[in-house]
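Asker: Place chain W on chain U using the hints.
Those protein sequences? They're chains U and W, same order as listed.
The opening position of the first sequence corresponds to residue 10 in the working numbering, with each subsequent residue numbered one higher.
The opening position of the second sequence corresponds to residue 296 in the working numbering, with each subsequent residue numbered one higher.
Please note: incorrect hints may appear among the correct ones.
[What the hints assert, rightly or not] In the PhoX-like style, the derived pairs of lysine-lysine whose C-alpha atoms are separated by at most 25 Å in a straight line are:
1. U:Lys241 - U:Lys271
2. W:Lys653 - U:Lys55
3. W:Lys643 - U:Lys218
4. W:Lys393 - W:Lys526
5. W:Lys526 - W:Lys490
6. U:Lys271 - U:Lys21
[Unchecked claim] With the Cβ distance kept under 8 Å, some of the chain W side facing chain U (calculated, not the full set):
7. Thr370
8. Val373
9. His392
10. Glu544
11. Gly548
12. Ser574
13. Pro577
14. Pro588
15. Glu598
16. Gln616
17. Val660
Worth flagging that the hints you see were computed from the coordinates, not collected in a lab.
Every residue gets a Cβ at the ideal spot worked out from N, C-alpha and C, and that includes glycine.
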Amino acid sequence: MALSKSTEDRIKERFDEKYKEYRAHDQTLSALAALRFVLEVIPELKQETVFWSFRPRVCSLGFESNPYTPDGLILQRPSLGFLLELKTSWNDHDVVQVINYGKAEGYLQADGTLTRFSENNCILLGYQNVPGDSHLKLLFDEWENRKPAPSLVLFRYDLQRAPSGDCMSFSRIPYARNGICPRSHFGGVINSARGFSVSAASFTEMKAKFHKANDQAIDSYAAVLWWTVYAKHYLSEEQQAEMAVGGRLQTPLQIQLDQIGKVPVLPDVEVPLTTSDVRMALEFLRQAGLVSFKIRESVYEVKLRQNVRLPSRAAAIDATQEDIAVKIINRWATYSITKPLTKRPVGPKRTKSRRHRDPGPTLPFPEPL
Amino acid sequence: MITIRGRCTLKYEYYSMNESLREFETWIEQKAAEEIHFSGTFWFVLSPQSEDRFADGLKQRPVDPQTVPMADFATDVVIKDRRDRTHKTTFWHLPFHKGSGLHLLFSLERPSRALRFMYRLLARARGKAHLFPIGHRLVRSCVQLDDRYEFSQTRVLRGVSYPSQPSEGGAEIKLNPGDAGVFFERLDEDHRVLKLARMRARVGDEGFCEFTVSRIGYMSYNKGQFAPLLKLILGRLSQEMSASVRPFEEARGRFVALRFPDPVFAERSSYSGVLGALSRLPRATLAVLHANPYFHATLTNYEDGGEFDVFVTDLSTVRIQGRAGASPASFLRLYNSLAEVFREPTVKIEEPHRFRLKDLVEGRV
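Same shape as in the complex, but just chain U (with noise of 0.2 Å):
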């Protein structure tokens, strides 16, 4: 059946949305990578810095159940902090997250033990596209109005194509209202009027670590992520040979319910995916077509196979059509447009109580704190 343009249309534009989402993503993901590498290879920076996290928890006293999930947290000799935060573009969501991150008064150890920071902070706060003046005024206004104690350092971070290589480049924003780094550094590279840059030949070296933000992952790089890197380690040992020998699987992978908090432990990965990543990149996958969820058996079935193929039905498109990412996010476009997911699934009537004890067809679980 041939379809109508606009259909045509609707497909190729929900994927370059969404693979410009997913591009921009890995962005952030390289800017992460390059703030690592510095760290750790920079013999300056590495001696002045006695802890950092990709991972951190930071909250109030009182509100250790409920932390706030910065994209990164750097303590420094001899008692200064700064909480990192790495946007795509402007939200206005922003000024309530950096204000709580500006108000926690200390991190989570891995036990739950709060440790307060010191009281020379900084808050880093990264956009790949700089806000407009309208919303940097908005921020720093109630930045102001709410005076947190730390500094709100506000920089842009670009991936960069030179001559002499690729590299991410990281410069504070010249906005008359921007705050300043404490004195470090670290925080001497970013006041600078330069900025600094990390080649990629150097930062790739740690961008494998990064699997998403500390808290954010994007729904179609966790799916890709999940289904070239995750979802091998699923399989038994026999379905693994299955794959071996003939590039899929006979009978669908099943991953039951309440397994799906079970997400295999990669090794060097530092910053995995979680369990409510998991399950935004198995109902993306499903939207794709690629798995499907049974809700009689609470079972996801995945029909893991070396080769994707898109639908006959996909929009042509300009990326490459050998890359599975490309294939994945198409079939997902195309699939959202010309088969959306129901919103109550083919299946027996539910009773009262069973929904309410059933979450919801389309997010067959808790939705995440």
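Answerer: Chain W alone, transformed into the frame defined by chain U:
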């Protein structure tokens, strides 16, 4: 005394080993003399498995060494065609490279016919055994069988090659026969990837040896004196093969840099060559995480479970980071796939970076 795979113990004193080799040489030369188009093919198989597991995985059975002298085990591979007719090929195991990860199998079929059977055989190992690709450099080192003769005194009787990316060119061509010096010079100048070469090398006072080398991972003896070829197979070639996988064995999470002789990634569009080369790998999934400006893809090789991150960050280098457990054979699979498209790169494990704050400030990190 050498124990072979714990199944039987055979006494191989040096004398008897040499005797066996001589017996093998005589046997194969006689076979070659009896047939016009003879191919005694040596298949180089890389496997991390122990001798025992390798033999079990391939379902090898002990054989009487009278059939093929030196052979200790054999495997029959049977394929049924569409008309339900069965075709069989036998591969014999030659116990030369014990403990090295390199296994030598031998067949008497034409290699073009035996190849299908070989892939079927390797499938039994479930990704734990791969043919060892014989790339450009290794083929070059096969040219001289006797030091008394120059490189160019070996004649290339048939050469099959195709253009490497990003060079333009059509399908594979057969270069005109000629001396090896001219042949390899032309390959280099035209940036071509060598697929197969049949050569005639001078040996001894007036002798010769005719043989075929394929990048797929085999070497066939065709006619002439066999001893120098066997010496090459068991000596220099095997050593160079072992040396070429050593960086992959030593990588352990560090980046392995494959540096190509030319700036093949001057155009971003040439990333599609990397993508094409790696996505063609059977039983592997590849997803591009970033393609502009630099290239980052994640790859899972289901054949043996190897997981990799692949980066291109400059004009001539592909950098591969294997996660824990990525085997040398799995690395080699990626290497070969890229070498088939972009010509042969040099392989090096990257050293840790050494930068100072000054480098960061001055934009050199």
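Asker: If a hint holds in the structure, say so; if it does not, say that too.
Answerer: Hint check results:
no., hint, in the structure
1, U:Lys241 - U:Lys271, "holds (14 Å)"
2, W:Lys653 - U:Lys55, "holds (14 Å)"
3, W:Lys643 - U:Lys218, "holds (22 Å)"
4, W:Lys393 - W:Lys526, "holds (17 Å)"
5, W:Lys526 - W:Lys490, "holds (23 Å)"
6, U:Lys271 - U:Lys21, "violated (35 Å)"
7, Thr370, "violated (17 Å)"
8, Val373, "violated (17 Å)"
9, His392, "violated (24 Å)"
10, Glu544, "violated (18 Å)"
11, Gly548, "holds (7 Å)"
12, Ser574, "holds (4 Å)"
13, Pro577, "holds (6 Å)"
14, Pro588, "holds (4 Å)"
15, Glu598, "holds (5 Å)"
16, Gln616, "holds (6 Å)"
17, Val660, "holds (5 Å)"
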